[in-house]
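Peer 1: Now for the letters of each chain:
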Amino acid sequence: EVQLLQSGGVVVQPGRSLRLSCAASGFTLGDYSMHWVRQAPGKGLEWVALIHWDEDSTSVKGRFIISRDVDKNSLYLQINTVRPEDSAFYYCAKVGRPMAPIREDYFKDWGQGTLVTVSS
Amino acid sequence: QSVLTQPPSVSGALGQRVTISCTGSTSNIGSRYDVFVHWYQQRPGTVPKLLIYGENNRPSGVPDRFSASKSGASASLAINGLQAEDEADYYCQSYDSSLTRLLFGGGTKLTVL
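Just so you know, the protein sequences line up as chains A and B, in that order. Residue numbers in the first sequence follow this note's numbering, run continuously in steps of one, and reach 763 at the last position. Residue numbers in the second sequence follow this note's numbering, run continuously in steps of one, and reach 105 at the last position.
Keep in mind that the hints were calculated from the coordinates and are not lab data. A hint or two may mislead.
[Stated by the list, open to error] Covered by chain B, according to a simulated footprint, are these stretches of chain A (three or more residues, beta-carbon under 8 Å):
{"hint": "1", "stretch": "682 to 695"}
{"hint": "2", "stretch": "744 to 755"}
[Stated by the list, open to error] Straight-line Cα separation of at most 27 Å, DSSO-like style, residue types lysine-lysine; simulated pairs:
{"hint": "3", "chain 1": "A", "residue 1": "LYS686", "chain 2": "A", "residue 2": "LYS704"}
{"hint": "4", "chain 1": "B", "residue 1": "LYS62", "chain 2": "A", "residue 2": "LYS751"}
{"hint": "5", "chain 1": "B", "residue 1": "LYS101", "chain 2": "B", "residue 2": "LYS41"}
{"hint": "6", "chain 1": "B", "residue 1": "LYS101", "chain 2": "A", "residue 2": "LYS751"}
{"hint": "7", "chain 1": "A", "residue 1": "LYS715", "chain 2": "B", "residue 2": "LYS62"}
{"hint": "8", "chain 1": "A", "residue 1": "LYS715", "chain 2": "B", "residue 2": "LYS101"}
{"hint": "9", "chain 1": "B", "residue 1": "LYS62", "chain 2": "B", "residue 2": "LYS41"}
{"hint": "10", "chain 1": "A", "residue 1": "LYS751", "chain 2": "B", "residue 2": "LYS41"}
{"hint": "11", "chain 1": "A", "residue 1": "LYS704", "chain 2": "B", "residue 2": "LYS41"}
{"hint": "12", "chain 1": "B", "residue 1": "LYS62", "chain 2": "B", "residue 2": "LYS101"}
{"hint": "13", "chain 1": "A", "residue 1": "LYS715", "chain 2": "A", "residue 2": "LYS704"}
{"hint": "14", "chain 1": "A", "residue 1": "LYS686", "chain 2": "A", "residue 2": "LYS751"}
{"hint": "15", "chain 1": "B", "residue 1": "LYS62", "chain 2": "A", "residue 2": "LYS686"}
{"hint": "16", "chain 1": "A", "residue 1": "LYS751", "chain 2": "A", "residue 2": "LYS715"}
{"hint": "17", "chain 1": "A", "residue 1": "LYS704", "chain 2": "A", "residue 2": "LYS751"}
{"hint": "18", "chain 1": "A", "residue 1": "LYS686", "chain 2": "B", "residue 2": "LYS101"}
[Stated by the list, open to error] Simulated coverage check for chain B against chain A, where a stretch passes if three residues somewhere in it have a Cβ under 8 Å from a Cβ of chain A:
{"hint": "19", "stretch": "25 to 32"}
{"hint": "20", "stretch": "58 to 68"}
{"hint": "21", "stretch": "79 to 91"}
{"hint": "22", "stretch": "94 to 101"}
In this text, a Cβ means the ideal position worked out from N, Cα and C, and glycines have one as well.
Just need the whole structure built from these sequences, with the hints factored in.
Peer 2: Structural data, given as structure tokens:
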């Protein structure tokens, strides 16, 4: 059974950095592209970052850095110089097909979400 | 404003059929290359759930009351025989070749009357 277990909620001051984690089990992390999606309270879903299954490429919005450790079966998202508008639930998501091109990606499995609150 | 446009809200009575549209452009849904539209359901306070993927495929456990279609630069999600449990937010998702990234529609809130 696929499981994506995310780190707990965090409150961070504007301008600081933070790293979110997502522990994967039930599949081989290196075979699947992984994404981060966020959702501000009461708002829609917004794609944030991708790490391609072969790790040849990553794609991120702005101040985000996505990485993974296949030995630890974990995915990470670092957010630098956080802003109040970064306050949201952050979800890690596994795509549906192994070793697929990004144009075919869809989000089959989701973590439970991590609430990031940016506040002084 | 989202690149993929969905109506903010739709409603329907129990047992009725509703459709939710998702309108894009030639760089995403209407691309000359194979680009699929996928659909997600998010009930209040829960994690999004994959509803339809690819050319109208349903993950295990999703009832066949849900179906999807695509024509040109638009896609639609149809829900037949509305049930109270269908009340949720629905999102379309696709790939944009100009932006070279995945993107979501703005979401549609379905109210079951």
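Peer 1: For the pair supplied as a hint, A:LYS704 and B:LYS41, confirm whether the alpha-carbon distance does not exceed 27 Å.
Peer 2: holds, 23 Å
Peer 1: Given the hinted pair A:LYS704 and A:LYS751, is their Cα-Cα distance within 27 Å?
Peer 2: Given that 27 Å is the threshold and the Cα spacing comes to 22 Å, the pair holds.
Peer 1: Three residues minimum, CB to CB under 8 Å: does the stretch 25 to 32 of chain B make the cut for coverage by chain A? Let me know.
Peer 2: holds (count 6)
Peer 1: Given the hinted pair A:LYS715 and B:LYS62, is their alpha-carbon gap at most 27 Å?
Peer 2: The given pair, whose Cα atoms are some 40 Å apart, is violated under the 27 Å limit.
Peer 1: Verify the proposed pairing of A:LYS751 with B:LYS41, using a straight-line Cα cut of 27 Å.
Peer 2: holds, 8 Å
Peer 1: For a C-alpha distance cap of 27 Å, please report whether A:LYS686 and A:LYS751 respect it.
Peer 2: It holds: about 21 Å lies between the C-alpha atoms, which stays within 27 Å.
Peer 1: Take the C-alpha atoms of B:LYS101 and A:LYS751, compute the straight-line distance between them, and say whether it is at most 27 Å.
Peer 2: holds, 21 Å
Peer 1: Please count how many residues of the stretch 79 to 91 of chain B have a CB within 8 Å of a CB from chain A and say whether that reaches 3.
Peer 2: holds (count 5)
Peer 1: Are the Cα positions of B:LYS62 and B:LYS41 separated by 27 Å at most?
Peer 2: holds, 20 Å
Peer 1: Would the pair B:LYS62 and B:LYS101 pass a check requiring their Cα atoms to be no farther apart than 27 Å?
Peer 2: holds, 20 Å
Peer 1: For the pair supplied as a hint, B:LYS101 and B:LYS41, confirm whether the alpha-carbon distance does not exceed 27 Å.
Peer 2: Holds: B:LYS101 and B:LYS41 sit about 15 Å apart, inside 27 Å.
Peer 1: Are at least 3 residues of the stretch 58 to 68 of chain B within less than 8 Å of chain A when you compare beta carbons?
Peer 2: Per the Cβ count (0), the hint is violated.
The structure shown violates the earlier hints numbered 7, 8, 20.
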